[in-house]
Amino acid sequence: MILRFDRLQPALAAMLCVLGVMTVFSAGADWVRQVLWVALGAAAYVAATLYDYRRLRGLAPSLYVVMLVALLAVHLVGHTALGARRWLSVAGFPLEPSELSKLLLVIVLAAYLSRDERITWRAFVGALGLVAAPAALVLMQPDLGTTMVLLAVSLGMLFLAGARPAQLGAVVTAGVVAVPLLPHILHGYQRRRLEIFLDPTQDPLGAGYNLLQARIAVGSGGLFGRGWLHGLQGQLGFVPERATDFVFATFAEEFGLLGSLVLLTVFGVLLLRLLRPAGVASDRFGELLAAGVFGVVLVQVVQNVGMNIGLLPIAGIPLPLISYGGSATITTLAALGLAQSVIVRRRTVVFQEGPVRLRPASHHLPPGASRRLPMDGEDSRTIRRRAQA
Amino acid sequence: MIRLGGGQPRPRWSLRLLSVALAALLLIGVLMFQLARLQVTDGARLAALARANSIRHVVLEADRGIIYDRHGAPLVENSPVWNLVAIPAGLPLNGTDRATELAELSRLAGVPEQKMASQLLSAPDLYASTTLKANLTLAEELAVNERLPEMPGVSIAQRSVRSYVDPLVFGHVLGYVGPIAPPELKALQAQGYQPDEMVGRVGIEAGLESFLRGTDGWADEEVDARGQVERVLAMQAPLPGDAVYLTLDASLQRATAASLAAGLVRDGKTAGASVVMDPRTGEVLAMVSLPGYDTNLFTHGISRADYSRLLNDPDKPLLNRAIAGQYAPGSTFKMVTATAGLQEGKITAQTLLSCPPYVNVNGWIYHNWASYSLGYMNVAKALATSCDTFFYQVAAMVGDVTLAKYARAYGFGAAKDIELPGVMAGLVPDRIWKQLQCGVPDLNSDACRWTEGDTITFGIGQSYLLTTPLNQAVYVAAVANGGRVLRPTLVNAVRDVAGRTVSKEQPVVTGTVPASPDNIQAVREGMREEINRPYNMNYWFRAAGVPADGGGKTGTAQWGGSGLDLPTHAWFVFFAPYAQPEVALSVFVERGELSEVEAAPIGVDVMKFYRANIAAIRA
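Protein sequences appear in the order of chains A and B. Using the working numbering, you'd call the opening residue of the first sequence number 1 and step up by one each time. Using the working numbering, you'd call the opening residue of the second sequence number 1 and step up by one each time.
Hints are not guaranteed to be accurate.
[What the hints assert, rightly or not] Short derived list, chain B residues pointing at chain A, Cβ under 8 angstroms:
id, residue
1, V20
2, L22
3, G43
4, A47
[Claimed, not checked] Over 10 angstroms on every C-beta distance to chain A, these chain B residues come out as not near it, computed from the model:
id, residue
5, D42
6, Y535
7, G560
8, Y578
Simulated from the structure, these hints should not be mistaken for laboratory data. Note that CB positions come from ideal geometry on N, CA and C, so glycine has one too.
Model the full assembly from the supplied sequences, consistent with the hints where possible.
So this is what it looks like as structure tokens:
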């Protein structure tokens, strides 16, 4: 088991956590708490690694119910912050179910899509239905950013699960059709954010302030940055939400372009490392689970960094493992732990089950080859090679 | 058992997995590219914006110098006021929080929300403080102060405001400070003035602006997003303005104002002026112009209604008559005519001339004040009785050109170089001046041509002659001191904050009357006789218990054209004691009808106070 353990992935995650705590400390947030979250997250990581992810498949229906109940509970008894209901108080700790829902939806969707190798229209519509309920609940909080993350991750999972181009095309078309409806669906502040993104100077002190100040902070970091704890904009509070949504601006100001490139490189390597379990998983559920974790991290990194440097509109999305926040940190580490669990239990020399491919393999295989169960010590390559022989 | 790669199967990279991996790398590449653009290409520009965000240059206002009377009694103080200020960038960004804060402020400070909101919107610099309300009351200041911790971006700024002592008495001399008018702003900013600074507008405040202002300091502060100061990077302490010690005696000034006010009330008049000076040094001991006005209104920002009330008041309270009111001197001018006649050899002190009820010049009749003949008299008697026809004759003998020369020698027609802005010169007319009064000189018209009548009325201080109460005081001081015309001064000394004397006034003689001591003595003799005439001027001195030791001259000057029943102003000039004069004064009563009854008692009243308090005044 130790031999199969991917040592690089937790090392990268640990690096990010250290940088995160440093930045959170510099941003003047409660860094002791963040250390506590990281410690709890590390425990969750170990637990998830040790846990046989395959058992989650059976738990998926219950997890789905738990997710919906938690999201509903936010609406009923949640705490309000910045005009949105997002928080639940659990044993005195604030819990953000929408953060948790990112991982839960990945598990549920992976379980659902792994039931069958082919994505029939019926299965496709069913998957959309599964996503729609939590997405709608999150959108009503209102939390457009997390909704977008959920939808993007779901789309990515469908793509990797082998959805047909026609199916994906239909979703994209529906999305294009829905865009004109967006102004009616969006809340005032969300619409404003979109307008401000298009022209941040139109209200430099109001809604455009965040965007402008974040850009100023990032830009003033220059090549080498102002140095840890010496960021003017972050330290003096010109950067809003400088420990959470705009933590990257704080980081970029203090560590400069060099530090930011290092950070993005670490994220990039971690992401590639997360694709590995998607390739080597011993079952289709494991593949999709790992792909989902990959998607959650990728979408959040791109969206968060993108809005910090003015490439994307503002949405309250944390930068995984860097932003201050318990729910997000613990959820992300638990998700990475699940990916590790997939790696640890990957296909090796001894196979119990047939390999499940992301796309039906039958097209590429000689007739009859795909139907065969591999023998001991075989993987698909062996099968193929044997078939070709 | 087949072993493949030591039991480590390589991932099966399907096409879709590969494309997702490439997409991820591409996205991160885009982020890196944009980062490089922001941090390298735009880095310098954005870093400058960052500095502008957080480094605030503030001006530390210097305290304005205090103005004291000659004995060190303060006539103005810098009193603190509290202004409600806000830094627009420091207010809550969230619309609802911002509205809540403004509503709360509006309740505490009593300013309409709309007004504050529009003020914040129109603020030129979002990181500089904007005054939302000036002059908070103590109750408002306490109420706002208590809630300040919950209201980001808002603070209370303490500034000092000039608060004048007895503005109705000292106002015309001290003047006031006011905001800089837009046209002057550019020139003053070059001298380091702030746009919202108060600058001396009239009076000593304006005349000694350069001493009183002091030098502002500055500080570079690092501030956070809420405008709270984190630390001071560099600073230069302000240097307070210099203290100005006036020549005024506060008690004599008050007494002069009280005497003048009482005299005006007694005779149903509304305006007047009086100047008391030392004929040895030119020091002005008192300078009063009535009606006065409350200069404190201006320092706190005068309301439109108050200002238009002052502007439209027919008594012109804003006019400092002592230096800027120009009136015909009337009979008080006769000392000049007498000096000219004596010095030019047209008469001697013993020459007797008749004093008929009128004289006839080229068919025009010029009257004496008396409708009967006063007989023959010498120049002293003519001064004492103020015989107009006597001086018509002397003026005709001397001629207008020579008379004008003597008038100028006594200081008429020249703006006095006193430390106040807006000093008027008065007017000494001559032939050329009169011709210039016509657009196209027409020597056949009496309106343009100097006539014999102009010459003889010039001799009794009429015709086109104009003077000011300050000029009159300087003039009578010159008669008193034997012909030295002094530069009048209001400033004794200017001392800097360490108490060192920056500038000390010395007596300046600006001119000497070209007349022999004997001739001036003859004129002085006439002035002594006038105040000693029984049943006339002497009555006031006896009534007040003041010895008639000195010389005086009254004058009832006609104004507003020519004719018989013209309105008049009343004058009284006086010096004392006769042998060694130490006080010279002028009293002016606007629209006064009888100078002996209306103006003279005021002067006597002032002298009564002076004599009773001479030790304190001269201490």
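Ascending list of hint numbers which this structure does not respect: 2, 5
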